[in-house]
Amino acid sequence: MNTQTMERRQHYLNVSYGIKSWLFTTDHKRIAWLYLISITFFFFIGGLFATLIRLELLTPQGDLVQAETYNKLFTMHGVTMIFFFLIPSIPAVLGNFLVPMMIGARDLAFPRLNLASWYIFILGGLFTLTAAAAGGVDTGWTFYTPYSSIYSNTNVALTVMGIFTTGFSSILTGLNFVVTIHRMRAPGLTWFRLPLFIWAMYATSIIFILGTPVIAIALTLVAVERLFHLGIFDPAFGGDPVLFQHLFWFYSHPAVYIMILPAMGVESELITCFSRKRPFGYGFIAFSSVAIAVIGFLVWGHHMFVAGQSVHAGMVFSLLSMLVAIPSAIKVFNWTATLYKGSIALDAPMLYALGFIGLFTIGGLTGLFLATLAVDVHVHDTYFVIAHFHYIMVGGAVMGYLGGIHFWWPKMTGRTYPEPWARVAALIIFVGFNLTFFPQFVLGFLGMPRRYHVYPPEFQVLNVMSSAGASILAVGYILPLLYLIWSLRYGAIAGANPWRARGLEWETPSPPPTDNFEVTPIVTEGAYAYEKEPEEVYTFGEPARV
Amino acid sequence: MSNSDMVHAHQFDDFAQQHEASWNGMWVFLGTEVMFFGGMFAGYTMYRYLYPQAFASASNHLDIVLGTINTAVLICSSFTMALAVRSAQLGARKPIMIFLLLTILLGTVFLGIKFTEYYQKWVEHLIPGYDFSYEPSLARPAAIFFSFYFALTGVHALHMIIGIGLLTWLIVKAWRGRFSREYNTPVELVGLYWHFVDIIWIFLFPLLYLVGRHLG
Amino acid sequence: MAVRLDALLYFLLAVAGFFATLICVLIVAFVIKYRRRSEDERPQPILGDLRLEIFWTVVPLGLTMIMFVWGARLFYITYHPPRDSLEINVVAKQWMWKVQHPEGRSEIDELHIPMARPIKLILTSQDVIHDFFVPAFRVKMDVLPGRYTTFWFEATKPGVYHLFCAQYCGTQHSGMVGRIVVMEPARYQTWLSGETAVISMASAGEKLFQRLACNTCHLESGAGRGPSLVGLFGKKVQLQSGQTVTADENYIRESILEPQAKITAGYPPIMPTFKGLVSEDGIMQIVAYIKSLTHEGTQAKK
Amino acid sequence: MKSEHILSVKFYASIFGILLVLTLSTAGIAFIDLGGAWNAVAAIAIAVGKALLVVLYFMHARYSSRLTWVFAAAGVLWLMILIGGTINDVLTRESITLPPLS
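Chains as they are written, first to last, in this note's numbering: chain A, 81 to 626; chain B, 119 to 334; chain C, 16 to 317; chain D, 13 to 114.
One chain only, chain A, in its complex shape (with noise of 0.2 Å):
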């Protein structure tokens, strides 16, 4: 590879240098920057967690650890994984790097907020790390009461508090794409001229703005029964414990679509550029996802069918859940539609979207299972709610999530990755991935049920398969972080548009000056004007008036 050196010219890396710089930043390039580290930082802490419990679980008795450190495996691998990688990961990541960019803005509407997000996250992130190291939490993330509030003696209340100050900094977050996407966009950029990854951000915001407030209070009353020990969730008091499950799924299901919408965006694309061709029905694909975020709202009931919720709330529940699959399937069916008569080239970024669609369908029909409610009775709280999940949040967010960073590498660094390695370690990743979960539907059909230390001996084989496609998965992730660091050196230098793709972040240099564009850009025309060159799309107004 040769190391020729990038021309002086500045742009947001260069233009200064030292911890103050990137600490203080206010540029949302930065911002995504120091988010990328800090969750990937997270996302390797989840997947030790991950890695000890696969082993656990290798054997049908416990004897890699005692039964209340496994607990305390499963619920911090959850909460690690949950609040503080996927959650953030595309949003945070790829949304504060691209959402201006893609919208010919030269920063979020509120650039200090944004900074503010991200030492709130890094806040609540320490306040989990403390109560990690100080002996863990073992109420599983779901935190059912009277469990978490009266009868768990870990250090709920440290946990709590760190989940509470990490979800404020998703709704700054959200509040700062949604102000932006309608105040900010470049002239002639009307709705329906947005890529599709704005319409997933600003979908993914929804939720962020009006389901994270309700888990910050639902886990606030945890904390306050905890220590003050007053009636709400406790049924000494005649409290009711489903009251907590209503108020903490009502957030937690549209979380599980903040974790796959991004993914959607980025996935919509990676499948348009690498098929040199527009969307089809991107006005399907675009309402779908603002879809997804709406109904996502109506259908928390479904993860309680079994819990003590009156069969006439659990129909009604599981009726709505119906509906929130059709935009789901709407978008694959159109994704696969993009594909037909398109000219597709294989590149890393489109093997992971490829295994993006297939495994997210899988997840998606799974969910269909959870939602028919005879048989979610026999699967809920088994291995196969664990699978379901796992392809949707693995197979689905993660695979997008690993797309998009490789597909914008380029503009982010300046540089390219390593094409054959990449796509190596996409495919290793696929079969590991497979080979972990899919043997978990069968154990979940068994009747295995989840957060279990200690199995029945005839289901250990299908946990063995398990453990070791885990083996295969963790190198899967690791290459990824070593030759994408290994570019930052020695990668070839990327020109402004290496993928020829269309789209305004492609339109400026890489990596991007920073105020993004030198001239206001001027769109004529969609994003995905595949047949036309980017000339004819974007004409630059007058000078950007700083």
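These are calculated hints, taken from the structure and not from any lab test. Please note that the accuracy of each hint is not assured.
In silico lysine-lysine, BS3-like type, Cα no more than 25 Å apart, as pairs [claimed, not checked]:
(1) B:Lys212 <-> D:Lys22
(2) C:Lys135 <-> C:Lys250
(3) A:Lys421 <-> C:Lys48
(4) C:Lys113 <-> C:Lys135
(5) B:Lys291 <-> B:Lys212
(6) A:Lys612 <-> C:Lys108
(7) A:Lys152 <-> C:Lys108
With chain A's structure known, arrange chains B, C and D on it following the hints.
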């Protein structure tokens, strides 16, 4: 000086866009606050349906006179806040400070009355979890009512304290003459926040104080 | 029940399998057929096709509605036990199951039941939320503290089946397992009577009813200070607040622990609470006794 | 658009007066037995009325863009979804005791 060459943050094209963005941003933030209090309102509604007698008898233990006075005080502070925003829009430096001071005063009066009520509850052993004593057959659901009473009014009082902090920060800026007819966005935003806190109390008052008063 | 559910499961598997393979095959086919041959290839823009969009909205909608109705029907059946089912009380405690048969026999972490007879389980927990899960019967129900939850099943083949706790309940959550032993009705009777002299739940309930002096207010004629409990179970009760509620197990349990919550019309709210005076098992015995108080029952006893 | 609308002090004072009257009336009505749930409905209705007055005139929502209305309405609508879902479960916990299907 005309609107366009007012100094504005680099990411905006002109000042009007900056003001509109911060105005929308504040309303979105108030939406999150609605959902934050909403969690407790949902719990309250559920338990009020489950234990109507206990909620009625517990609500009768609250002092309705103080509650009504408090509501009037808070509405009055909303009034003075509105006038403060109005004078900020007119760029009249002195009235801004007077009305902001009045709003802070009324806010502190509200908190004063609220804490006397808390003291009363402490005297009457009505704090759940801390030697709570109540008519035995209704004790447990009443403890839930008082948990919601302290949770709702406590979080509301916290928001009042933050509001008062913001108002004092505004007074300092007004004193330094930062606000003019063109630039008064911070006053408007704090005004929105203060009115929102008042609306939360407008709902808290009937939900907590007026439950089953007709049963006597 | 398990057979019916398996039919629904196979339908779902078929639909999921079909769509998953359809999508994968389409992707592989398109990727091979339309692979990029030269760098400056310009595929024609295809904006979309309304008919196709409607097609793949309506078809999934139809399929999901079938799934919904089929699933809802089976769900409804699982949680509405038939009248003649054998009622067994189960108390879940942190990390063990305590089963109480109506004839008085009790077991720990084991449940012996007769074959081919609907079994209705009445569950409650003494501490946190547990979940009574029998994979072989394809059925589970969360066990809530402070409330009864019920469901029913019918074993068709004798044998020993796994019992798991499926709702995380603390350190030994994975240790809270048990066995369901299904026996032919004859062997079940011999097993039942094998136990030494033990009184039935209803008679134990009657003793407790007298010991706690409930009968001083709740006279059979209803002339006492409390309403008559004869034939109360399953009847609609008119409350002072104007609501009407069906007197099921939860209503009786709540009236014992929180008498003020639902006061019967025409009676003064003077009943004291028995919280702390009677254990979970005691409440279950009183409920069993009240259930046995049918009109014919009392006449027979006189 | 910037809410250039500057209302007269008299207008603010009249809104303030109405709010006070409503507060006193809701406190007063609470003591009259309107039968069943009507007391609660009256209290909530008055509270909603007062809240609307504050939002429209004190917070200038009336003179703001449609977008502001959407943001305000979204918050309230989502609250209704949360309360509706939770209450729907609690209301129907025992009500369905139809005879069991075969």
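query = Looking at the structure, which of the earlier hints fail to hold?
reply = 6
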